[in-house]
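Single-letter residue listing:
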Amino acid sequence: MSRNPYAADATDADDAVVRFDDVSMRYGRAPETLRDLTFSLPQGSFHFVTGPSGAGKTSLLKLIYLAAQPSKGLLHLFGQNVAQAPLDVRPFLRRRIGVVFQEFRLLDHMSAFDNAAVPLRIAGAKPDSYRQDVAELLTWVGLKDRMHALPPTLAGGEKQRLAIARAVVGRPDILLADEPTGNVDHEMGLRILRLFLELNRLGTTVLIATHDQDLVARSGKPILHLEDGRLVHMGPVPQGFGG
Amino acid sequence: MTDIATSAALKPPARPLGQWIFDVLLWGGIAIVLALSFGPAEIEKFPRLFSGSDNMREFGRAFINPDFDLLPFFISQMWLTIQMAMWGTALAVFIAVPLGLLGARNIAPPAIQWPVRRVMDILRSVPDLVIGMVFVVAVGLGPFAGVMALALNTGGVLGKLFSEAVESIDKGPVEGVRATGAHKLQEIAWGVVPQVAPLWTSYALYRFESNSRAATILGLIGAGGIGQILFDSLNSFNYSRVAAIALVIVVAVTLIDILSQAIRSRLI
Ligand SMILES: Nc1ncnc2c1ncn2[C@@H]1O[C@H](COP(=O)(O)OP(=O)(O)OP(=O)(O)O)[C@@H](O)[C@H]1O
Ligand SMILES: [Mg+2]
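From first to last, the protein sequence lines stand for chains A and B. Its first residue numbered 1, the first sequence is counted upward by one per residue in the numbering used here. Its first residue numbered 244, the second sequence is counted upward by one per residue in the numbering used here.
Think of the hints as simulated: they come from the structure by calculation, not from any bench. Keep in mind that a hint or two might mislead.
[As the list claims (entries may be wrong)] With a straight-line cut-off of 20 Å between C-alpha atoms, the simulated SDA-like cross-links for lysine to any residue are:
hint, chain 1, residue 1, chain 2, residue 2
1, A, K221, A, R201
2, B, K414, A, R90
3, B, K427, B, A354
4, B, K427, A, R121
5, B, K427, A, Q69
6, B, K427, A, D88
7, A, K72, A, S59
8, B, K414, A, A67
9, B, K427, A, P86
10, A, K72, A, Y27
11, A, K126, B, L448
12, A, K221, A, H186
13, B, K427, A, V89
14, B, K414, B, L442
15, B, K427, A, D228
16, B, K427, B, V379
17, B, K403, B, L448
18, B, K414, A, H109
19, B, K414, A, S59
20, B, K403, B, L463
21, B, K414, A, G28
22, B, K427, B, S445
Keep in mind it's a predicted model, so treat the numbers as computed, not measured.
This is chain B alone, in the form it adopts within the complex (with noise of 0.2 Å):
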């Protein structure tokens, strides 16, 4: 009797056919695909990470003995990439609060509001290596092609969480300053800046953290900074000096995100 009751308890609702019939084309489907792909992705190799190839022990070797003898200099590159993500969220915040502002429900019409988000969509979608490529051949190698990727990159990204983050404030207080005169700028300076700006601070703080190791990856495309030197020292199997390198990104990306995650749990 109890078992009875007990096992109609413990079984989920009956799920009706459809569904059923959906779930299993889209596992059937995704098993197929993943099989399909065996081969194009090598996974067959997987058994060589084991295998003791002669790469990856040199590798490991090379890699308990990291070269230092660098040091400064790859300190001072790594100091170059931090600070190209620092213009890249710098001037990514300059182009996400018209667009943050702009695409949000709650400030904008509809027809103003529609292809702003477009124009978010389309910066946040394209991967910030195929930009830099783009600056690398407009601008030339070197830093600023970096910059300008992880600007624009950025720029969408922020620009969506700006706007997310405008239309979930509180409309009194806006109700409250158009009700006394202001205009369309001082409804948004006033009644809706204050109340975003913690958010958007934690934001692009965020960003920062993620854009120093994304500045890393951007110099293996030739815009400078730590990316490249490592990138250069693994062309010529400098295994000790890739070591050395890859320590010093892991201390410096750690320390930025210690300091990051300090100051944005103050913000809000």
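Next up, chain A with everything else stripped away, as it sits in the complex (with noise of 0.2 Å):
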């Protein structure tokens, strides 16, 4: 299997896994989507990505999975500039991003098993390695008894626990995760919410996107809130704010 050049150690200079420096983002030739951001997500630290419809908060996501490209200014990517990342070392730190996304973007042909351990099999770990924690994070999801179905076959709410499955199971330093509550029942809900909290607390820098008050209110973590690209509000919920 081939060793993660980029794993943490070396290259974490400062503690900020994620910085950005007056960034500003487009689509071609569309006007800026997102503008001037400055902040930096300390390792560690869990914060929710807020905002209006179309405020940007994919977009924000992207830029962090290296989805997307800065049009302007820095990001550091684990003290790293992302621009000066070879094509070929991309791979490498998204392998320390867990991401899921708003449309769960599961492999249709191949199992719920197989989809949770896909990040695994991508870098290299034998099945024998992996097979029984795979299963016990499916359990966990409550997936137990739909690990052999395809995607196709799943409801929203179980795509969704295989996308958040998928996107942890390679127990990764960022966990980006966009809407992960929007298919989900309240009690469900929470639930993710205490996993991302769990995970959080063990060392992995979560970033949420999301329309869902309370689940914000609920977690009493910060908020990054984004309006028309730009970022208007970084810390804890404001008083009577969304409300």
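Hints are included, so try docking the two chains, each in its own frame, into the full complex.
What follows is the structure in structure tokens.
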């Protein structure tokens, strides 16, 4: 198996795992979707990204999981300037980041179990080494009986939980989740929040884009609030916010 | 009152003058070209089809009495033709998979995609009969020349179809795999190929159907198989034998079509 040359250690000079310096981003020739963002996420922090639909929450996450590039400014991941990261090291940076997509993006031709194991197989792990862990994780998210089902046969909430399992299975340094409670009931939403908090306690830096004010309030975690592509507030939820 | 209303409603919208002139020039041009080609294409011979030329009558009589004496031989030659079609299609798929991936806009950068597309265009545009004749000269008479002709021509056709299939995939799963840290080849193997596999298989089967017809024709230029026997029988005016061979071909090709369609309808 190939060792990840960008595994946590040498490159983490300062303790901000994500740092935006005056970053803007645009799709093609359209006007800027994100404007002049400056903030950093310390190692082990937990934030929500909030803001109205179209404010740029998904776009912000895309920058971090390297599916888009800044049109201006500097973006550092794990202390490394991503603009200077050669194309062939990007996969190694991505292996340290778990992503839960708003639209799941599962592989329809493989079982739930195999989907959850994708990050481990991509990283070169042998099936024997992870079978137990993956099964336990799927049991934990309530998919014990659906392990051999194909994604098209799963309900929306089941897909969402599978997407979450895939994102966390590799114990990523950063967990990004886009509307992770959009398709599940209140009960499951809280369960998912607890999973994220637990991972965070173990050291994972967590960033969750959401419309779910209740989730934000319950967690007591700070927010990055976007409006029209600008960061208008970072910190604890202000009094009477969003209400 | 209602009369005027309905007739106005039924009238097609007025067309701009430029469009109208274009139509006149186009259809007028086609009519003139057809008229000028009447002589060279010998269209005046049309009545001969019906005016009982001796050849036609003899032909017709022989066709009602097909000569099946050599049936086992015809069947073995038909099988040879089908084997040519199978290998031609298999090699074509081998060519078309890399071409199809590298020619797809959502996979390859323009600098690779453009030359790959030109290669596919060239492969597609040269008729297999022409490629076949070149290979007959290069590797000698026989099925291998036919196999290569089918492989190259079909390789171009399938490459184009494969590319289009790749361009119409859902990019979600590919982005999902990429975000887990996959390399380009892993993205293709995990995210792209599983999505296009049923369509690719269906296209390949469809081309196998048409290749089993094309392989018959390739016999005419010396590529062996049933086509060559057909050609030899025609040249020796043995029309009863021609009739038997034609029947063997029709039955075989029909069976292949039915089988392949049954498989394809299960794929997608
Ligand atoms: N692939 C794309 N190409 C062009 N424009 C895009 C693309 N994706 C998003 N946009 C535009 O960028 C802006 C921000 O979109 P984004 O998806 O980041 O918003 P969001 O805050 O995640 O919204 P939502 O809450 O609805 O998910 C929107 O105006 C959107 O139309
Ligand atoms: Mg979004």
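- Message: With the threshold set at 20 Å, check whether the alpha-carbon distance from A:K126 to B:L448 stays at or below it.
- Response: violated, 36 Å
- Does B:K427 pair with B:V379 here, judged by a C-alpha cut-off of 20 Å? Given pair B:K427, B:V379 is violated - Cα atoms ~40 Å apart, limit 20 Å.
- Message: Just to be careful, I want the Cα atoms of B:K414 and A:R90 compared with a cutoff of 20 Å; is the pair within it?
- Response: Judged against 20 Å, a Cα distance of about 19 Å means the pair holds.
- Measure nothing beyond the straight line between the CA atoms of B:K427 and A:Q69; if it is 20 Å or shorter, mark the hint as holding. holds, 18 Å
- Query: Is it true that the CA of B:K427 sits at most 20 Å from the CA of A:D228?
  - Reply: Violated. B:K427 to A:D228 sits at ~34 Å, over the 20 Å cutoff.
- Does B:A354 lie within 20 Å of B:K427 when you go C-alpha to C-alpha? With a Cα-Cα distance of about 17 Å, the restraint between B:K427 and B:A354 holds, given a limit of 20 Å.
- Query: Has the given pair, A:K72 with A:S59, been kept, meaning a C-alpha gap of at most 20 Å?
  - Reply: holds, 14 Å
- Message: For a C-alpha distance cap of 20 Å, please report whether B:K414 and B:L442 respect it.
- Response: holds, 16 Å
- Hint consistency between A:K72 and A:Y27 [alpha-carbon to alpha-carbon, up to 20 Å]: holds, 13 Å
- Between B:K403 and B:L448, does the CA-CA distance stay at or below 20 Å? holds, 15 Å
- Message: Please verify whether B:K414 and A:H109 have alpha carbons no more than 20 Å apart.
- Response: holds, 14 Å
- Could you grab the alpha-carbon distance between B:K427 and A:D88 and see if it respects the 20 Å cut-off? Between B:K427 and A:D88 the Cα gap is close to 9 Å, so the pair holds against 20 Å.
Violated hints, in rising order: 11, 15, 16, 20, 22; the structure is consistent with all others.
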